[in-house]
Structures are given as structure tokens and as C-alpha cells.
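Residues per chain are reported as follows:
Protein chains: 2
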Amino acid sequence: MSAAMKVAVLGCGVVGSQVVRLIGKQAAELSARIGAPLELAGVAVRRPKRHVDVDPALLTTDPMALVERRDVDLVVEVIGGIEPARSLILAAIACGKSVVTANKALLAEDGATLHAAARAAGVDLYYEASVAGAIPLLRPLRESLAGDHLRRVVGIVNGTTNYILSRMDATGAGFSEALEEATALGYAEADPSADVDGFDAAAKAAILAGLAFHTRVTAADVHREGIADVTAADVASAKAMGSTVKLLAICERVSAPGGDAVSVRVHPAMIPRTHPLAGVNDAFNAVFVEAESAGELMFYGRGAGGPPTASAVLGDLVAVARNRLAGAPGPGESAYADLPIRPMGLTDTSYHISMDVADRAGVLAAVATAFAEHGVSISTLRQEGRGDQATLVMVTHVAPDSALAATVDDLRKLDVVRGVTSVMRVEG
Amino acid sequence: MSAAMKVAVLGCGVVGSQVVRLIGKQAAELSARIGAPLELAGVAVRRPKRHVDVDPALLTTDPMALVERRDVDLVVEVIGGIEPARSLILAAIACGKSVVTANKALLAEDGATLHAAARAAGVDLYYEASVAGAIPLLRPLRESLAGDHLRRVVGIVNGTTNYILSRMDATGAGFSEALEEATALGYAEADPSADVDGFDAAAKAAILAGLAFHTRVTAADVHREGIADVTAADVASAKAMGSTVKLLAICERVSAPGGDAVSVRVHPAMIPRTHPLAGVNDAFNAVFVEAESAGELMFYGRGAGGPPTASAVLGDLVAVARNRLAGAPGPGESAYADLPIRPMGLTDTSYHISMDVADRAGVLAAVATAFAEHGVSISTLRQEGRGDQATLVMVTHVAPDSALAATVDDLRKLDVVRGVTSVMRVEG
Numbered sequence: 001m002s003a004a005m006k007v008a009v010l011g012c013g014v015v016g017s018q019v020v021r022l023i024g025k026q027a028a029e030l031s032a033r034i035g036a037p038l039e040l041a042g043v044a045v046r047r048p049k050r051h052v053d054v055d056p057a058l059l060t061t062d063p064m065a066l067v068e069r070r071d072v073d074l075v076v077e078v079i080g081g082i083e084p085a086r087s088l089i090l091a092a093i094a095c096g097k098s099v100v101t102a103n104k105a106l107l108a109e110d111g112a113t114l115h116a117a118a119r120a121a122g123v124d125l126y127y128e129a130s131v132a133g134a135i136p137l138l139r140p141l142r143e144s145l146a147g148d149h150l151r152r153v154v155g156i157v158n159g160t161t162n163y164i165l166s167r168m169d170a171t172g173a174g175f176s177e178a179l180e181e182a183t184a185l186g187y188a189e190a191d192p193s194a195d196v197d198g199f200d201a202a203a204k205a206a207i208l209a210g211l212a213f214h215t216r217v218t219a220a221d222v223h224r225e226g227i228a229d230v231t232a233a234d235v236a237s238a239k240a241m242g243s244t245v246k247l248l249a250i251c252e253r254v255s256a257p258g259g260d261a262v263s264v265r266v267h268p269a270m271i272p273r274t275h276p277l278a279g280v281n282d283a284f285n286a287v288f289v290e291a292e293s294a295g296e297l298m299f300y301g302r303g304a305g306g307p308p309t310a311s312a313v314l315g316d317l318v319a320v321a322r323n324r325l326a327g328a329p330g331p332g333e334s335a336y337a338d339l340p341i342r343p344m345g346l347t348d349t350s351y352h353i354s355m356d357v358a359d360r361a362g363v364l365a366a367v368a369t370a371f372a373e374h375g376v377s378i379s380t381l382r383q384e385g386r387g388d389q390a391t392l393v394m395v396t397h398v399a400p401d402s403a404l405a406a407t408v409d410d411l412r413k414l415d416v417v418r419g420v421t422s423v424m425r426v427e428g
Numbered sequence: 001m002s003a004a005m006k007v008a009v010l011g012c013g014v015v016g017s018q019v020v021r022l023i024g025k026q027a028a029e030l031s032a033r034i035g036a037p038l039e040l041a042g043v044a045v046r047r048p049k050r051h052v053d054v055d056p057a058l059l060t061t062d063p064m065a066l067v068e069r070r071d072v073d074l075v076v077e078v079i080g081g082i083e084p085a086r087s088l089i090l091a092a093i094a095c096g097k098s099v100v101t102a103n104k105a106l107l108a109e110d111g112a113t114l115h116a117a118a119r120a121a122g123v124d125l126y127y128e129a130s131v132a133g134a135i136p137l138l139r140p141l142r143e144s145l146a147g148d149h150l151r152r153v154v155g156i157v158n159g160t161t162n163y164i165l166s167r168m169d170a171t172g173a174g175f176s177e178a179l180e181e182a183t184a185l186g187y188a189e190a191d192p193s194a195d196v197d198g199f200d201a202a203a204k205a206a207i208l209a210g211l212a213f214h215t216r217v218t219a220a221d222v223h224r225e226g227i228a229d230v231t232a233a234d235v236a237s238a239k240a241m242g243s244t245v246k247l248l249a250i251c252e253r254v255s256a257p258g259g260d261a262v263s264v265r266v267h268p269a270m271i272p273r274t275h276p277l278a279g280v281n282d283a284f285n286a287v288f289v290e291a292e293s294a295g296e297l298m299f300y301g302r303g304a305g306g307p308p309t310a311s312a313v314l315g316d317l318v319a320v321a322r323n324r325l326a327g328a329p330g331p332g333e334s335a336y337a338d339l340p341i342r343p344m345g346l347t348d349t350s351y352h353i354s355m356d357v358a359d360r361a362g363v364l365a366a367v368a369t370a371f372a373e374h375g376v377s378i379s380t381l382r383q384e385g386r387g388d389q390a391t392l393v394m395v396t397h398v399a400p401d402s403a404l405a406a407t408v409d410d411l412r413k414l415d416v417v418r419g420v421t422s423v424m425r426v427e428g
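Protein sequence lines, in the order shown, are assigned to chains A and B. Counting from 1, one number per residue, gives the positions in the first sequence under the working numbering. Counting from 1, one number per residue, gives the positions in the second sequence under the working numbering.
None of these hints come from the bench; they were simulated from the model. Hints should not be assumed to be uniformly reliable.
Which copy is meant is left open, because identical chains are indistinguishable; a pair holds if it fits in one copy or across any two.
[Stated by the list, open to error] Keeping only pairs whose Cα atoms sit at most 20 Å apart, straight-line, the calculated EDC-like set for lysine to aspartate or glutamate is:
{"id": "1", "residue 1": "K239", "residue 2": "E427"}
{"id": "2", "residue 1": "K25", "residue 2": "E290"}
{"id": "3", "residue 1": "K25", "residue 2": "D260"}
{"id": "4", "residue 1": "K6", "residue 2": "E39"}
{"id": "5", "residue 1": "K25", "residue 2": "D53"}
{"id": "6", "residue 1": "K25", "residue 2": "E292"}
{"id": "7", "residue 1": "K239", "residue 2": "D282"}
{"id": "8", "residue 1": "K413", "residue 2": "D356"}
Please read these numbers as outputs of a predicted model, since none were measured by experiment.
Extracted from the complex, chain A is given alone in its bound form (with noise of 0.2 Å):
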């Protein structure tokens, strides 16, 4: 058996303790899975006193100097966010490290530079864990799946916003009631914006978009809607139509004027309950792929917490290790397909609308112009009568997004209509 390969944990929190507690467990079969023993080479943290389960010894609050040891061969980056992180990680490639992260806000804004680094080092830069958790995905979309010619990559990529619209859907709450529930659960921070903005979501899209579609995608890119607008309103209309709401990250190839464009985009939509991403509650993340010869897959696990995502870690820790005793490093990222990103307003989506229309003689005509004068036609209509008003419940045929957003504005600008209750995008 091969030398140690040394390994350095930059973060211990959630996932870091878990990364930690586990090469201490794992240890034996790590080493035999590796071909060489994996040991801890040190553990960087703000305030070591909060590490009693820790081998002092271990623990430094000095991540830059335990990134440059030179017995350190390995780094897992687990500490988030952009800075310090991004320059640790761009120090561990320059000192000839191979890299794993967690880090999907820094993936997202700047893995470019990230992986040129890495391409030009020669060492690996690995981060199954920044999306999905637990769930092998970026492994397989970027090598399982490198023979075939991918669609679509649809998921529910995060657990708090799916929780909480699990419990509107269960209960008929509210989006701050069902909130202040994942609150006082722990399933969501106390600072929720980065997952109920969609912000995290978001991040992860463009991930799966450039693996998927081999081109260069950032956060900036996706379109990006969070679940803070969706209102008990909007659960019941779908819950009407068969549907349920779910907040969904959608990277698609399109078709567009001068060749094929990327469309990645983050907002709630309503999906038929028979739908398989329907039946996906609480915590849990799924995500759909369609491949031109594989046809539908489905991957399907615990999207986060500490052991899932730290076993996402520990994979891709054995994976750069063994490419490092085999002297070549893994596939890394390509982008020469190089797609333009297409813009929201002219992608195509279809809407559910529901409205409260005076129920009296012309206003389906005055509705159906403003339809008309968009080019948007309409695919099913349900009109139902109470008194002297009545709601009106339309989903569209697909048409660019913008069509559709200026007929909901021109909508609510009819004297006939009373008022816009519902509008959400519906997919599947």
C-alpha cells in the first residue's frame, strides 16, 4: 500500500463535523477503496473550543497555513460562501492539491475561474455535494450520461422550500405560517432568503446547466423566482386542477434563431399530481433528466443534512485520491458547446391564471382579446358562477414568457376583471 494521502478540512460545521467524524470511522475502508491510508491532516475552524469531539491537535484557525502545508495533499472545502473560500481553494490548486467542495454559491458565481485553475494545475476539483446532497448527480450527468445528448435537467434541488410548500399543500397554510413551521423545525435558517428567494436553487441550476449542457453558465444567468409570493390562493387553484406547487429549477436546451440556446430558470410552477417530482415531499430532492437515447431518468435521495452531504464529500475524496495515486486527473469540466443563454421573456412557458370576473355578457370576449392581442391561446377554461361575479380559470398553450407576463398585466387592467387571484407557471 501506497504512502498516506493527507487530507485537510476547511470548515466543521454541518457537513465538516460529518466529513470529520466519518474518515475517522471509515478509516479502514476508505484506505482499502483508495489503495492508500486516508488521514486527517488537520481541521480548520473559527473557534476551536467548539470542537470537543476533535483531536485538538488537529485543529487550527489558520485555513490558509494548513492549505499550504506541505504534507497536505488533499483539501475539502466546507466552509461556503465566496470569501475566504474561493481564495483557499485557488491557494490548494496552486500548491498542486486536488480540491473537494460543497460550494455552490461559489461554483456558481465564479466557477470558471475555479476550473481553469484546476485544468492548469493538473489536479482535480470534484463537488458532487453542491447539489442534490447525497444524490450522485453531477458524476453521472458529466460522465454516465458524456455518450448522449441532453434536453432537460428538472429538479427539486432544495429541501426548505420544499418543505414548506409540502405543508401549504398539506394544511392549506399560508407561505409565513408554513415558514414560521420550518423555522421552528430547524429546516430553515433564520435568515431564510437564500432558500425562499431561490437563491440557492438558483445557484445549483446553473451548475446542472453547464454540466448538462457543456457550456459556461453562472448564477447570473438563471432566471430566478423564490416561493415568498405563493399564497394559500395559489396551492388551492392547483390543488382544483389536479395539481400541486412546487418550486422548480428548469435547465433546458431550446431552439432558438441562429442555433440551440440553454434556458435555466428557478421559480414555483404547478406539476400534475401524477407527476413523479409531485409524489417528492419534505426535505427530499429528485431531479429529472431527459437524455436524447437514455429517454427519462429519475434520481431520487435526501438533498441535505450533515451524513448525506458528507457522503457526497467522502466519494469524491476517495475519487481524487485515487487519481492522484494513478498520476492523471479525473474528466473535468468542458464548455465548448459554449450555448448563448436564452432569455426568460422569450422562453416558452404556459400559465395558469385565475381570476374574478363579472359574470355578465361580453366579459369572456374582453378576456379572451387580451389573450388574442398577445398571441397567447388559451389550452383549457373553467368558468364558474357565484352571484353577479364568477372565477375564471385558464391554463395557456406554451408561448414566450413575455407574451404571457403582458397579457396578465393587460388582465388586470380590464374593467370586466376584479381581480387576478392566481398566476403561476404550470410544467409537466
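Given the coordinates of chain A, work out where chain B should sit on it, guided by the hints.
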């Protein structure tokens, strides 16, 4: 870009013809992903005149000569069966060529010889397509979960039997009738034994168990029962308790005296309709994985067919080509854990037993005594009277399979038991 990688394809049937077609159609994408052009060197077939879609200059009836050609870098074996596939693969490896195969029967019978040869020669032997068609499953088990401790892999891995059981469930048909329908639609072969008798699923179970538990497992180690004896009464009995019948491949790491062992089995089982595998119908495959840190994962997709299987072959082809360019083979198999195989008789299972009994005093006592004598305890019991006769439906707690089988034998001999109408294991 590097010099071209030249591929020999052995066999040009349902899968091979798609591999040949896609190498042509996706040439630009494949080259970009590999970092070198991928070119067909030749296609070995038995009857060249049948393959009008393939450039005649590529066709040969001498697979061994093709394998040994100096300009061939990579070999795809999609002939199937033991010989000549084994000799051809070993010859390719001996010549220093990496091999991609979909041959589950050969891997399950003699994988050890092939893996040892590949390791000694420093080449890759990849076989994602051998289990569950297009579903990325072997790479996730081998690489993504390399940092975790696997407990259980349970799957529906044979589309033909799943189609037949889905039909029996949907229509109430018997096995023969459903098989006829499957044959007429092309879902079952003229000689359906490999599928309906569980040989195909058993080969896949051996491959999955070997990867999951880092232990050498062959088809002979797999306890195998097919679906030919599943009756309409079994399916109806399952329905009555909210379950459905599926042919499952079950690979478990179990505690045994003297340490952990591996239990591998393929048999029909009743699973609750709420179980995610219950909703996997027709020719789809799905595999559940339980790992210590990752928790429960599920993989779902098309388990067979030309393009889906070719997708998996091409994914492997891109990987072995990249590894060759990088100058180091990818991660190979490992059997370091070397766990013993637990015999089926000692494996804990649970039975559903339905029987017609006389409806008089003392019957239940006689039946209960038969269970007690073998140390089997009863989990649920339902009795329905019909005149002088009653139907007794029982589900046992888990017990060694041999104790359960012996109990059933004794029940059949009891005077008060007029007939045992359905016996089937229960999972999930």
C-alpha cells in the same frame, strides 16, 4: 486535439447497431468530450449483408482479427453470452485495449478473470450497460458512494418480467396469458427462460452485490426464483392487502455469526403499493440503494432497448477514451471485503401465506402450532368464513427462510388445511 481513438464494435444487434449509429451521429460531441476524435475501426458481425446501414468497408466476420488490429484502441463487446465474448475480451485486454461491455451473463459468471486481466494489463473494463440499461447505477455505486457504507440494494432490473407482472396486476390475467401478450408485443423473447426464470435478474444482482459490498459475487451465489409460478391468485391476494407483486433483486449486507455476510437473491415479492418500487411499471427499471450516511436513494429509468443501452455504452466509451488519453486507467473493481455469502435458508425473510381451511374449532390452534414449532411468529392474520370453509391470510414476522419454508410444508400436511393457495415473500 490528439490523434483519433479507434473503436472496434463486436456485435451489431439491437444495442450494437445503435452504438454504431450514435458514434457517427454524435461524432463532434463525443470528440469534444474526449479531447480526441472517436472513429469506428470496424464492426464484427455474422452476416454482413444484413447490415445495410453500416459502411461495408467497416464490416468483418472475423471479430478476433478486428480485436487484434494494431490501430484499434478500444473494444465494445455487445455480442452477449459466454463464448466467444470472453475470449474476445481477454484477447483485447491482452493487446492493451480498454473494453466496454454490456455482457451481464459473462460478468456474473467469470467477472473475476476479466477484472484481474484488465488490472494486470493496466486497461479499463467498463460495463455500465450490463445492469439497468440507461440508468447510471454502476458508476454511482462504484464511485459516488465510494465514501459510504452500503447496506442494501433492491431493484426491479428486468423489464420483461416487470411488464408481465404489471399486466397481471392490471388485468387479473394469469402468467401464461400475460406472457403471451408480452411475446406478441416483442417484450419477451421466443425462449423467455432467461427473463421469466430470473437468470437475467440474477446476473445483474450478482454484479450489483459485488460492487456494493466489495466482494466477489457470481450468479451461482444468487438464490433465484422466477415468476412462472406466480398465479392470478397470488396477485389477487397481494391486491387484497394493498400490495403488488414485483420480481426483486435484493442484495443485503447482513449480520451473521462470525461477522457480516452478503445475501443476494432474486424472487417475486409482495410490496406495499405505497412503496416507490410499486409504481415502476411496464419495461421500466428502478433501483433503491440504502447507505449508512446517504440514506435512501432511488435511480429510475429505461432498463433495456437499443438507444438507452447504447447511451450507457457510449458513456463508458467516453470514459475509457479519456482515461487512455490521460494515461491512467479509471477505478477498477475491488473485492477486498471478501464477505461470505449467506445461504438463502439462513437469510431472514417474511412470508405471506393464504390458505383454505375447515371452519371449525381447533383449526387456528393447529395452524398456530405449525408456526410455533418452527419458531415463526405471525405479524398479521385475517380470517374470512365462507360456509364450512374459511380463508386464512397470514403475514409472518421475519424468520430464517428455511424455517418459513418448513412451516409451509407442515401446513400443507395438516388435515384442517384444505389447500395453501398462495405463498410469497413480503418486502418493504
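Please write out, lowest number first, the hints stated earlier that are contradicted by the structure. No numbers; nothing is violated.
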